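Here is how the chains run, residue by residue.
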Amino acid sequence: MSSLPNWTHEEIEARLTDYLEGLLQPEEQRAFDAHISTCAQCEPLLASVSHLLTDLHSMDEIEPPPRLIYAILDKTLGPRETVTGWRAAFAWLRALANPRVGYGFASVAATFLILLSTSPGFSWRKPHLADLKPATIYRNADQRVHLVYARGTKFVSDLRVVYEIQSRLSQDDQQIPAQDRNRQQPPLKDPGQTDGTNPSSPKQQNRANGIDTNLQMLAADLPLFFERRIR
Amino acid sequence: MRRHTRRIYNICYRFTGNGAEAEDLSQDVFLRVYKTLGSYRSAYGGFATWMTSVTRNLLIDHYRRTKRDRVTDSLDDAMPVVENKASSARRPDELALLGELSSQIQIALTKLSPELREAVILRDLQQLEYGEIQRTLAVPEGTVKSRINRGRIELARILQQMGVRPS
Numbered sequence: 001m002s003s004l005p006n007w008t009h010e011e012i013e014a015r016l017t018d019y020l021e022g023l024l025q026p027e028e029q030r031a032f033d034a035h036i037s038t039c040a041q042c043e044p045l046l047a048s049v050s051h052l053l054t055d056l057h058s059m060d061e062i063e064p065p066p067r068l069i070y071a072i073l074d075k076t077l078g079p080r081e082t083v084t085g086w087r088a089a090f091a092w093l094r095a096l097a098n099p100r101v102g103y104g105f106a107s108v109a110a111t112f113l114i115l116l117s118t119s120p121g122f123s124w125r126k127p128h129l130a131d132l133k134p135a136t137i138y139r140n141a142d143q144r145v146h147l148v149y150a151r152g153t154k155f156v157s158d159l160r161v162v163y164e165i166q167s168r169l170s171q172d173d174q175q176i177p178a179q180d181r182n183r184q185q186p187p188l189k190d191p192g193q194t195d196g197t198n199p200s201s202p203k204q205q206n207r208a209n210g211i212d213t214n215l216q217m218l219a220a221d222l223p224l225f226f227e228r229r230i231r
Numbered sequence: 001m002r003r004h005t006r007r008i009y010n011i012c013y014r015f016t017g018n019g020a021e022a023e024d025l026s027q028d029v030f031l032r033v034y035k036t037l038g039s040y041r042s043a044y045g046g047f048a049t050w051m052t053s054v055t056r057n058l059l060i061d062h063y064r065r066t067k068r069d070r071v072t073d074s075l076d077d078a079m080p081v082v083e084n085k086a087s088s089a090r091r092p093d094e095l096a097l098l099g100e101l102s103s104q105i106q107i108a109l110t111k112l113s114p115e116l117r118e119a120v121i122l123r124d125l126q127q128l129e130y131g132e133i134q135r136t137l138a139v140p141e142g143t144v145k146s147r148i149n150r151g152r153i154e155l156a157r158i159l160q161q162m163g164v165r166p167s
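Chains as they are written, first to last, in this note's numbering: chain A, 1 to 231; chain B, 1 to 167.
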């Protein structure tokens, strides 16, 4: 094993940053460590520099005052124009020349027109100033809301009735096949019978009989039509 | 613009230790950059490096100027004017901004020689690489390393003399 070179205090000081930043060669590193571990002068120096670096790196940046940017702009691009007198009174009109202001006005006007056209009680064909009164608009809107509510309620109740009828019919359909399983099929179909079963009610039977009678009368009145259809 | 302003102001503040001087110097830096923009070449190693170089030159000029003032005033006051300005001209809100330790380090920084001070500021506060510092200061890399090393050791000793215990 080769003996380590003895570094002086000056050499240690000169290579302190290299040591802290890990830039020493392995041989130099060992020599540095050997000196530091035994030197009462260099060891505290290394510790204080190391702590100093930690403190320096943790120092926050200072926020420049906001006026600095304006001061720089004034100094480089020249001072901003200050308008005085009657021109200053109308200086705000320049802002209206900005396209953004134009877009803003257009969007506000469009919104107003949309609101007006959808507001209840106002007609473009017969515009009345009285229709634009808030009380009138409120009354008309209230009326329209109530109307819509009443229609909605009626629609829901109608739906309920329809569903109730449908559910009862489906229950009957499920019960009827169960009852008919034990019944014998009739030999002949009755008029108006379509599914191999008897009409469920006498009224339905009568109606089917009536249609049959009407068809027979129609065939007697229009024989040619029925003959062509048969062919 | 805002980013550059912040960076330049910080370099100036750390170098002078005085908010008002840092503001004036930052304005001078931007004015000089604005006037000499035509002379900028990418060979300088980037606009930020070139701007830092301009800042450094102005800071050194400012240091020399205030040094002359300091010599003039030295009959009345034994302490250097820059150091006095650094401690007395600092506003209370500036002191509040800096922590206690940070303000002590700031005072110690202004006691360093300008060559060591700028090297430590650029390396340890602005976190620049050795190459960038070399281009900014226009000195060989060995000199940069040596100045940073000596600056750190000197700063640690100054803080020790001030009775400041680093964390």
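Rather than coming from a laboratory, the hints here were simulated on the basis of the structure. No experiment lies behind these values; they were computed from the predicted model shown. Some hints here could point you the wrong way.
Stated by the list, open to error - Computed from the model, here is a short list of chain B residues facing chain A with C-beta under 10 Å:
no.	residue
1	Gly19
2	Glu23
3	Gln27
4	Leu31
5	Arg65
6	Ile107
Unchecked claim - Pairwise CB distance ranges, derived in the manner of DEER restraints:
no.	chain 1	residue 1	chain 2	residue 2	range
7	B	Gln127	A	Glu43	26 to 34 Å
8	B	Arg65	A	Arg94	41 to 49 Å
9	B	Tyr40	A	Ala89	26 to 34 Å
10	B	Glu129	A	Glu43	37 to 45 Å
11	A	Tyr149	B	Arg2	25 to 33 Å
Each residue gets a CB set at the ideal place from its N, CA and C atoms; glycine is no exception.
The hints, checked one at a time:
{"no.": "1", "hint": "Gly19", "result": "holds (8 Å)"}
{"no.": "2", "hint": "Glu23", "result": "holds (6 Å)"}
{"no.": "3", "hint": "Gln27", "result": "holds (5 Å)"}
{"no.": "4", "hint": "Leu31", "result": "holds (5 Å)"}
{"no.": "5", "hint": "Arg65", "result": "violated (19 Å)"}
{"no.": "6", "hint": "Ile107", "result": "violated (13 Å)"}
{"no.": "7", "hint": "B:Gln127 - A:Glu43: 26 to 34 Å", "result": "holds (27 Å)"}
{"no.": "8", "hint": "B:Arg65 - A:Arg94: 41 to 49 Å", "result": "holds (44 Å)"}
{"no.": "9", "hint": "B:Tyr40 - A:Ala89: 26 to 34 Å", "result": "violated (44 Å)"}
{"no.": "10", "hint": "B:Glu129 - A:Glu43: 37 to 45 Å", "result": "violated (29 Å)"}
{"no.": "11", "hint": "A:Tyr149 - B:Arg2: 25 to 33 Å", "result": "violated (58 Å)"}
Against the hints set out earlier in the document, violations occur for numbers 5, 6, 9, 10, 11.
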